[in-house]
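Protein chains in written order, with numbering that gives the first Met the number 0: chain R, 0 to 340; chain V, 0 to 275; chain W, 0 to 290.
Each hint should be verified, as a subset may be incorrect.
As the list claims (entries may be wrong) - Derived CB-CB ranges, DEER-like:
hint	chain 1	residue 1	chain 2	residue 2	range
1	R	125	V	146	38 to 44 angstroms
2	V	254	R	79	40 to 46 angstroms
3	V	269	R	125	25 to 31 angstroms
4	R	125	V	253	38 to 44 angstroms
5	R	124	V	57	37 to 43 angstroms
6	V	269	R	287	44 to 50 angstroms
What the hints contain is simulated information worked out from the structure, not anything from laboratory work. Cβ atoms here follow ideal geometry from the backbone N, Cα and C, with glycine treated the same way.
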Amino acid sequence: MRVRDRFRSDAASAIPGGDVADALRIEGLSVRLTRGDAQRPILDGVDLVVHAGETVGLVGESGSGKSVTSRAALGMFPAGAEVRGRVIVGGVDVVGARRSALARVRGGEAAMIFQDPRAGINPVRRVGDFLGERMRRRGIGRAERRTRCRALLDSVGISDPDTTLRLYPHQMSGGMLQRVMIAAALSAEPGLLLADEPTTALDVTIQAEIIGLLMERRAHSGAAMLFVTHDLELAAAVCDRIYVMYAGRIVECRPSGSLFADPRHPYSVALLRATPRLESEVPVVPVPGRPLSLAEAPVGCAFAPRCPHAVDECLEAPPALVGVGDGAAACIRCNDEDPRR
Amino acid sequence: MSTSSAVMEVVHLRKSFGPMVAVDDMSFDLAAGRSIGIVGESGSGKSTTARMLVGLERPDSGTVSFTGEGKDAGRGTRARRARARRIQMVAQDPYLSLDPRVTPRQALERVIRLHFDLPAAERRERAQALLDQVNLGAREADALPRGLSGGQRQRVAIARALAVSPRVLVLDEPTSALDVSVQAQILALLRRIRAEQGISFVFISHDLAVVKEITDELIVMYRGRVVEAGPTREVLRRPSHDYTRLLLDSIPRPGWDPESIGAARRALAAATVPGA
Amino acid sequence: MSAAPIALERRWMRARRLPGLRGQGGVIASVAFLVVVTLAAILAPEISPHNPSAADLSSLLSPPGTPGHLLGTDTAGRDILSRIIYGARISLLAPLVLVVISSTLGTAIGVCAGWMGGIADEVISRVMDFLFAFPGLLIAIIAVALFGTGVTAPIVGLIIAYTPYTARLARGLVAQERNLPYVESYRQQGFSGPRIALTMLLPNIAPTLLAQSALSFGYGLIDLATLSFLGFGVQPPTADWGVMVSDAQQGILQGDIWVALFPGLAIMLTVISFNVLGDAIAERIGRTEAA
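Construct all of the structure, not just a fragment, from the sequences and the given hints.
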């Protein structure tokens, strides 16, 4: 159950100090499962900011907590989790927010595009009903809804909107359906778009098309975007800034270009070297060992057992984020001469 | 491609499902210790090709033959077992390709017992050697698949395929369900196995960057047909077919232009009549 | 878009809120009850206070709590508790035989149909559809007409009626499972079809079939009791729960409902216990697969 450390009215939950210019501000977010054999929190003191209009990448492997972080922006937490910290979306702290405030965030301030578009759409309803649902609830008439839906589909490059509106989800390809989901996500003109591996399930050529569409529509609407992926290359191609996550903590936060040119956290370095790249002549280098499970709670740096540069000091306490050049990294040696060696 | 040292010859394979031609006129030779990649998008026929190679799907016409053997020797259990000793497959989804009730050690011993008449002690030894080869510890070896990570499961699948000492290993997108760092581990493992055992690979993928890591030659499939083939480096450096170029351009990288790719894909689709 | 995250949230939460211990008490109670009933059936001669057929004409329809007759006596003056204890023998054994045979038969037929597919599947499925068209009780009554009353004919009839259910379930499970990559990889490794079906695939679907069998046991008990009640099954004066309810009709008319109440209760509790057990097995399978 959520820890409701503060009871407050809707009005009071508009944080006075919250910067309205930030589409998403996560401060000290910790999420811990109270049941099961979890020894460490899923998220441990995550700080993350997406400025208005900015595209930010959140990169990590399965189990790193990247999806939990992105869902937190919609006030969605795993059941039975203990949540601490603040998640401010459009001036509202969604941690412990009331149902009505959450509904406002989900229906307007933020919208999510999922990895599997089929998971987010009712399979027995036509595309037109799905797209027009919110409009119907707002009391927009049938003819007007149809016109707007058609325009929405047109905006995501669907060439025959009239036919598409009558289709059921199973009659559409994954790529087409993801277009519909993008149209739906943007229909409420949200200030924040959350994209959780939106193209992982698609072919590489379709992926390019969908990403192109997503970038174009996002720029057109001016929304900020948090782009969650395990693919560093993709994140770098799409995002202005990238957060790298490992075992529930942010380990590095840098502008995309400099993260690639000069990664400072050993995990980012390892991840880059493990990513196959067409231009590179060097074979990929695997990261030794395996990711930390929730049942393991090391005292020191979570990456230390896999880190080629670990020293005794790394095992004493989890490293805090320290400034490196144009960003930050959570490694006590990140300002050493050359962490890659 | 020279045929002198070929371990496997694939000649004019064709397979259709109803009116849809999944694979049309697929031919290639695979030399001992070489690795060939087959790339294409979903529906290109690459997985159907893989399934025909290992005998899970029967081609409408064309043959798969192994040097020293005759052509396909029918479809009985015995023929399948003989083929299994030549060629093995590692499937894409490590979450579904392992029997949920069987531990890695049991799975290996089961395959070894099926193919070799060995005393129990030797069988156990062999299974242990395979587990060591893919770096699976004692805990993992005796755990049920649901207690293993994706990478560990894929190691089990690889060990199981190696258990019969096949000459050819078909890898059907073996890393597409895995994280980047785990993918790199599996790729490194496969590289090592190939170097140590001189085993030949057929590597099916949609990811050119991965294929580049592990293959010498490359076949590009589009809608059931081979549209380009040649040494991997050559094909990647100087693609001759529009579809290959499209695949290359589609790989995300900083400064990449996804919008033009969509236009190119649609132009290509319009120019190609499906299944023709 | 608003609908999507909320729908997903529900799913996400539900997946994590799988009842871990909820129902545990129910399962324990059910198992305990079934153990008691089974022991009572086995030890009937030792624990039963009276001869179940001995009529005590001095105390017809004595109410529960009468000294010497804890649950009272029936219209013929027989001790109801003793009859329930003895009745457990035939009332449990008959559905057991029914379920064991129909499940085995149904599994065999279903696995054949599901594994072989094609014409075999087509033929088997049509025959099963044909049998589905007849209500189980009707088949059992026809069997009684052919072979006479008693315990055998209803069981034979119900076996014919129950087998298609297991067969259809098994067929569906096999057809679904056989296309999973792990079954294909067994094929590709050179294992023979029958061996894969029987030694590798069957154990993976067995728990689901077991859950179905537990549920069938409950239905079988009710159907057999119904047949006894209608006079097609076990014949009086043999002690059987269905027969007891039937015998009690006269008592009920006189306002003595306990004569029917206690055997009815025995039937009900046993059926509920098997249902709880079946659900528990099914849920456990679901949890293991979700893990």
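Now for the hints, and whether the structure bears them out:
1. The hinted range of 38 to 44 angstroms is satisfied by residue 125 of chain R and residue 146 of chain V, whose Cβ atoms lie roughly 42 angstroms apart.
2. Separated by about 44 angstroms at the C-beta atoms, residue 254 of chain V and residue 79 of chain R satisfy the suggested range of 40 to 46 angstroms.
3. Distance hint check: the CB atoms of residue 269 of chain V and residue 125 of chain R are about 27 angstroms apart, consistent with the given range 25 to 31 angstroms.
4. Roughly 40 angstroms separates the CB atoms of residue 125 of chain R and residue 253 of chain V, a value that falls within the hinted 38 to 44 angstroms.
5. A hinted range of 37 to 43 angstroms holds for the C-beta pair residue 124 of chain R and residue 57 of chain V, which are about 40 angstroms apart.
6. In this structure the hint that residue 269 of chain V and residue 287 of chain R lie 44 to 50 angstroms apart at CB holds, the actual value being about 48 angstroms.
Hint compliance for this structure: every hint is met.
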